[in-house]
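S.K.: These protein sequence lines are chains A and B, in that order. Start counting the first sequence at 0; every next residue gets the next number (numbering that gives the first Met the number 0). Start counting the second sequence at 0; every next residue gets the next number (numbering that gives the first Met the number 0).
Take these hints with a grain of salt, some might be off.
Said to hold, decoys possible - Keeping only pairs whose Cα atoms sit at most 25 Å apart, straight-line, the calculated PhoX-like set for lysine-lysine is:
1) B:K332 with A:K112
2) B:K446 with A:K26
3) B:K618 with B:K484
4) B:K319 with B:K364
5) B:K564 with A:K27
6) B:K577 with B:K396
7) B:K564 with A:K113
8) B:K618 with A:K14
9) B:K564 with A:K134
10) B:K518 with B:K484
11) B:K138 with A:K108
12) A:K14 with B:K564
13) B:K446 with A:K14
No wet-lab data here; the hints were simulated from the structure.
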Amino acid sequence: MRAAVIVFPGTNREKDIAEALERASGKKARFVWHGDSDLPDVDLIVVPGGFSYGDYLRCGAMAGNSPVMRAVKQKAEAGVRVLGVCNGFQILTETGMLPGVLMRNAQLKFICKKATLTVTSNETDFSSAYAVGQKVVFPVAHNEGNYFADDATLDRLEGEGRVVFRYADTDGTVNEAGNINGSQRNIAGILNEKRNVLGMMPHPENATDPAQGGTDGLGLFKSLAEVLQ
Amino acid sequence: MSGVKMTPELVAEHGLTGEEYDTVLSIMGREPNITELGIFSVMWSEHCSYKSSRFWLKTLPTTGPQVIQGPGENAGVVDIGDGQAAVFKIESHNHPSYIEPYQGAATGVGGILRDVFTMGARPIANLNALRFGDPNNAKTRHLVDGVVAGIGGYGNCIGVPTVAGEVNFHPAYNGNCLVNAMTVGLADSDNIFYSKASGIGNPVVYVGSKTGRDGIHGATMASAEFSDQTEEKRPTVQVGDPFTEKLLLEACLELMSTDAIVSIQDMGAAGLTSSSVEMADKGGVGIRLDLDKVPMREEGMTPYELMLSESQERMLMVLKPGREDEARAIFEKWELDFAVIGEVTTSGNLELSWYGETVGDIPVKPLVEASPMYERPWEPTPAQAEIDPASLPDAGKLTNCLKDILSSPDMCSRRWIWEQYDHLIRGETLQVPGGDAAVVRIPDSLKALATTVDCTPRYCLADPEQGGRQAVAECWRNMVATGAKPLALTNNMNFGNPERPKIMGQFVGAIKGMAAAAKTLDFPVVSGNVSLYNETEGKAILPTPVIGGVGLLKDHTKMATLAFKAEGETILLLGESKGWVGQSIFLREIHGREEGAPPPVDLEAEARNGALVLDLIDKGLVTACHDLSDGGLAVGLAEMALAGDIGATVAERNDETPAHAFFFGEDQARYVVTSTQADAVMHLAEQVGVPVQVIGRTGGEALTLTSEDTISLELLRHAHEDWLPAYMSGEEAAE
Chain A
0 MRAAVIVFPG
10 TNREKDIAEA
20 LERASGKKAR
30 FVWHGDSDLP
40 DVDLIVVPGG
50 FSYGDYLRCG
60 AMAGNSPVMR
70 AVKQKAEAGV
80 RVLGVCNGFQ
90 ILTETGMLPG
100 VLMRNAQLKF
110 ICKKATLTVT
120 SNETDFSSAY
130 AVGQKVVFPV
140 AHNEGNYFAD
150 DATLDRLEGE
160 GRVVFRYADT
170 DGTVNEAGNI
180 NGSQRNIAGI
190 LNEKRNVLGM
200 MPHPENATDP
210 AQGGTDGLGL
220 FKSLAEVLQ
Chain B
0 MSGVKMTPEL
10 VAEHGLTGEE
20 YDTVLSIMGR
30 EPNITELGIF
40 SVMWSEHCSY
50 KSSRFWLKTL
60 PTTGPQVIQG
70 PGENAGVVDI
80 GDGQAAVFKI
90 ESHNHPSYIE
100 PYQGAATGVG
110 GILRDVFTMG
120 ARPIANLNAL
130 RFGDPNNAKT
140 RHLVDGVVAG
150 IGGYGNCIGV
160 PTVAGEVNFH
170 PAYNGNCLVN
180 AMTVGLADSD
190 NIFYSKASGI
200 GNPVVYVGSK
210 TGRDGIHGAT
220 MASAEFSDQT
230 EEKRPTVQVG
240 DPFTEKLLLE
250 ACLELMSTDA
260 IVSIQDMGAA
270 GLTSSSVEMA
280 DKGGVGIRLD
290 LDKVPMREEG
300 MTPYELMLSE
310 SQERMLMVLK
320 PGREDEARAI
330 FEKWELDFAV
340 IGEVTTSGNL
350 ELSWYGETVG
360 DIPVKPLVEA
370 SPMYERPWEP
380 TPAQAEIDPA
390 SLPDAGKLTN
400 CLKDILSSPD
410 MCSRRWIWEQ
420 YDHLIRGETL
430 QVPGGDAAVV
440 RIPDSLKALA
450 TTVDCTPRYC
460 LADPEQGGRQ
470 AVAECWRNMV
480 ATGAKPLALT
490 NNMNFGNPER
500 PKIMGQFVGA
510 IKGMAAAAKT
520 LDFPVVSGNV
530 SLYNETEGKA
540 ILPTPVIGGV
550 GLLKDHTKMA
560 TLAFKAEGET
570 ILLLGESKGW
580 VGQSIFLREI
590 HGREEGAPPP
600 VDLEAEARNG
610 ALVLDLIDKG
620 LVTACHDLSD
630 GGLAVGLAEM
640 ALAGDIGATV
650 AERNDETPAH
660 AFFFGEDQAR
670 YVVTSTQADA
680 VMHLAEQVGV
690 PVQVIGRTGG
700 EALTLTSEDT
710 ISLELLRHAH
720 EDWLPAYMSG
730 EEAAE
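Using the sequences and the hints given, assemble the complete structure.
M.R.: And the structure:
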């Protein structure tokens with residue numbers, strides 16, 4: 000697996016992602032500075048978490064319009080896998096690579112905690128190591144993670160099996176009590192139509208080492224490492 | 000030079016006494032101009048000069064084989080082995096946070112982060128110690144909400160985990176909240192950066208944000224009492240930009256990986272003035288600044304404003320000659336301002352020029368050395384009587400008391416706060432908030448740092464010396480309870496008006512207690528901050544000497560946590576329990592009395608008991624460990640049970656003490672541990688003379704304190720978790 004991690008001014012979870020990739024694949028990822036004009040020849044691009052450009056305009060809005068994201072979009076169209084986590088998910092929605100938007104959390108507060116999710120689809124390059132319905136615990140750390148799209152879009156996402164993770168209660172039941180940020184239909188992570196781009200708010204990278212209190216996130220990176228060798 | 004006429008009124012507005020102004024005249028040999036007066040004003044403010052506290056701060060122990068850099072630099076530095084160092088400091092942002100809670104707290108975090116990365120360290124943990132007024136006070140909820148959002152807003156964005164903290168509520172803070180922020184950083188011990196300027200002709204470089212008019216006279220504001228006109232001081236509060244600070248952090252660390260920097264100093268309180276004066280003074284050199292070259296945010300700024308602005312996210316550096324272009328390229332990559340604004344000179348003076356005209360010329364040495372130092376008169380705090388637990392009326396069921404205590408503002412869960420802080424970023428957080436100390440791993444190693452902040456202000460009010468000892472001892476104990484060897488501390492002295500002998504007596508007492516504890520526990524002071532004049536309309540805060548500590552775990556796989564791990568394990572109590580109820584949470588929350596002498600701190604016992612606990616953890620003999628402090632044994636057991644979601648039954652106890660005093664007394668130097676090898680624990684404890692008793696077993700879904708007094712964990716959890724969210728949402732009036 001050859002992976003590149005995009006770094007914008009204000010990106011801050013690039014270390015966490017790179018370590019998770021290395022734990023799963025044994026290979027080091029390359030950091031790509033947003034100002035670098037050419038993307039390296041890789042088979043996975045990660046847009047990590049943080050506050051790109053301070054998120055001062057709207058989360059991910061500035062980064063979404065940056066030249067490097069135009070290049071990422073072209074690579075994605077050519078079939079390269081793209082993973083956007085947290086601010087990365089916000090950026091991918093801003094570029095139009097994924098539908099919907101991330102609004103402010105329903106309780107209007109930043110929230111950092113270990114969230115329980117269920118895996119809704121494992122027929123993806125990102126989640127093949129999990130079972131459908133499997134309960135996983137990934138940390139969340141965001142202020143704008145409240146996923147919103149119109150009903151037609153949500154119906155389509157569900158109908159096409161493009162919802163990969165949903166927020167659940169601690170028993171793994173998808174319900175209102177487990178919906179930590181008010182997301183439509185408890186959506187925590189979705190795929191694009193071609194199923195090679197995944198955006199998600201929770202941080203699987205922070206659950207890849209027993210010392211972090213759990214390793215549920217390793218499955219995601221191992222799924223990628225498996226398919227990308 | 001400017002034509003502003005010096006008048007006694009103008010001098011007084013700048014916070015200088017007549018006597019201090021006379022010293023200014025003798026240093027200058029002439030009348031200062033307005034810019035120079037402003038410089039003296041901020042350099043000699045309490046905040047920058049420590050004029051009331053310096054005499055006593057010098058009595059604190061500051062040395063030890065682990066100390067690489069003690070007080071006097073931007074932050075303290077301690078050796079953690081393998082060529083690595085921990086760099087840390089705590090700093091207050093009390094006055095700004097009361098006026099403008101979000102920005103006040105946010106810039107407090109920003110300031111302490113800069114102090115740490117200025118030294119060449121990457122920040123790896125943030126902590127905070129907060130004090131607010133009575134929950135029923137109209138302003139309290141607004142302050143809690145704003146301060147927490149500000150701390151989170153800054154720390155979350157810059158990407159440093161906020162891992163630990165403490166919060167108290169007390170009416171004494173109604174008019175002055177306390178916001179103390181601490182940062183711990185990691186550096187290579189052979190690549191620490193200092194502020195001492197050197198190399199005549201070397202360029203003086205300004206990097207970071209542009210300078211605006213924000214925060215002018217912030218340091219002076221922080222050196223005076225509040226009045227009902229405090230709201231008018233809002234423009235003196237700075238505005239934080241964590242995004243720019245993130246860029247500044249990365250750019251500085253990138254430049255620090257080269258050898259281009261001679262010295263570096265962040266622009267915090269008193270901005271360009273204190274940074275340039277400090278660099279020149281430490282190097283015994285002069286500095287010339289061409290103020291017109293300073294990157295400015297607005298038009299029409301004057302030299303006076305430029306020298307006094309406290310705009311955030313700025314640094315001053317001296318570079319090696321010829322390295323400007325290399326440095327400029329790094330800062331331009333990070334889209335930050337970079338300007339050569341002066342040079343190091345032989346004059347020994349701070350020379351300020353404005354489009355070729357001299358607008359200030361002050362000899363640095365006298366400016367620093369003649370800064371006032373007062374040995375202010377002080378009165379010792381009268382001793383309080385001990386309270387005999389047998390004299391207290393019956394308080395009813397133990398578990399009812401426990402439930403009431405756990406749901407009180409000071410003792411309830413702080414989850415509502417710390418879930419707003421990203422405490423997991425960097426992926427190295429091994430103990431999250433809610434334990435004794437936070438633990439963060441050193442990347443790519445078995446090592447980890449434990450860190451915590453502690454103070455018990457009600458003890459300090461009743462007996463400043465015992466309170467000072469206790470703050471140091473509790474901080475030390477909290478790290479010990481994780482298995483970390485405490486290395487050194489940083490202190491934040493928050494007190495009222497030092498010109499009142501009673502307040503100065505509190506300060507002196509606290510220092511004496513801290514000094515004794517730091518010495519006996521081999522826990523030297525390596526950095527610190529003083530915040531005085533925390534008074535409004537003559538009412539002072541409780542004396543609050545906050546202690547921040549850093550300790551080292553050589554092997555984090557041996558780390559202890561407070562959660563019960565399994566059913567059927569033996570619970571042991573280490574240390575002596577006399578049932579000390581004076582100044583206890585029990586006495587205050589259940590009997591409504593804030594009275595009596597606080598628990599005495601036997602430092603020899605602390606050292607002995609702590610050494611035993613470290614040994615037990617290192618040998619793998621305990622499965623959980625928790626220090627006992629506020630609320631005593633019952634609260635400690637409840638916290639361990641809730642964290643592990645496993646109940647416990649207390650079967651035996653020292654029956655000489657009344658039950659409530661045994662369970663809620665706050666005797667010091669105590670720990671609760673669980674073990675599957677109780678005999679081995681008892682044996683080791685007896686060998687080193689540490690009192691030990693088996694008090695019960697883990698198991699079940701309830702906490703049973705006596706055979707007929709039980710409470711379910713579910714009820715306890717609700718009591719513990721519900722108060723703060725309900726209070727903050729306004730659903731429930733306090734109390």
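S.K.: A separate judgement is required for each hint: does it hold in the structure or not?
M.R.: For each hint, the structure was consulted:
Distance hint between K332 (chain B) and K112 (chain A) is unfulfilled; the C-alpha atoms sit about 34 Å from each other, more than 25 Å. Using a Cα cut-off of 25 Å, the hinted pair K446 (chain B) and K26 (chain A) holds, with the two alpha carbons roughly 24 Å apart. Our distance criterion of 25 Å between C-alpha atoms is met by K618 (chain B) and K484 (chain B), whose separation comes to about 14 Å. Distance restraint check for K319 (chain B) and K364 (chain B): the Cα-Cα separation of roughly 24 Å lies within the 25 Å cut-off, and the hinted pair is therefore satisfied.
For a cut-off of 25 Å, the pair hint linking K564 (chain B) to K27 (chain A) is broken: about 36 Å separates their Cα positions. Restraint check: the Cα-Cα separation between K577 (chain B) and K396 (chain B) comes to about 20 Å, which is no more than 25 Å; the hinted pair holds. About 20 Å separates the Cα atoms of K564 (chain B) and K113 (chain A), which keeps this hinted pair within 25 Å; it holds. With a C-alpha separation of about 33 Å, the suggested pair K618 (chain B) and K14 (chain A) falls outside the 25 Å cut-off, and the hint is violated.
For the proposed pair K564 (chain B) and K134 (chain A), the alpha carbon gap of about 23 Å is at most 25 Å, so the pair holds. Between K518 (chain B) and K484 (chain B), the direct Cα distance comes to roughly 15 Å. Compliance with the 25 Å bound is thereby established for this hinted pair. A C-alpha spacing of about 20 Å is found between K138 (chain B) and K108 (chain A), which places the hinted pair at or below 25 Å, so the restraint holds. Proposed proximity of K14 (chain A) and K564 (chain B) is contradicted: the alpha carbons are some 32 Å apart, above 25 Å.
Restraint check for K446 (chain B) and K14 (chain A): the C-alpha separation of about 18 Å stays at or below 25 Å, so the hint holds.
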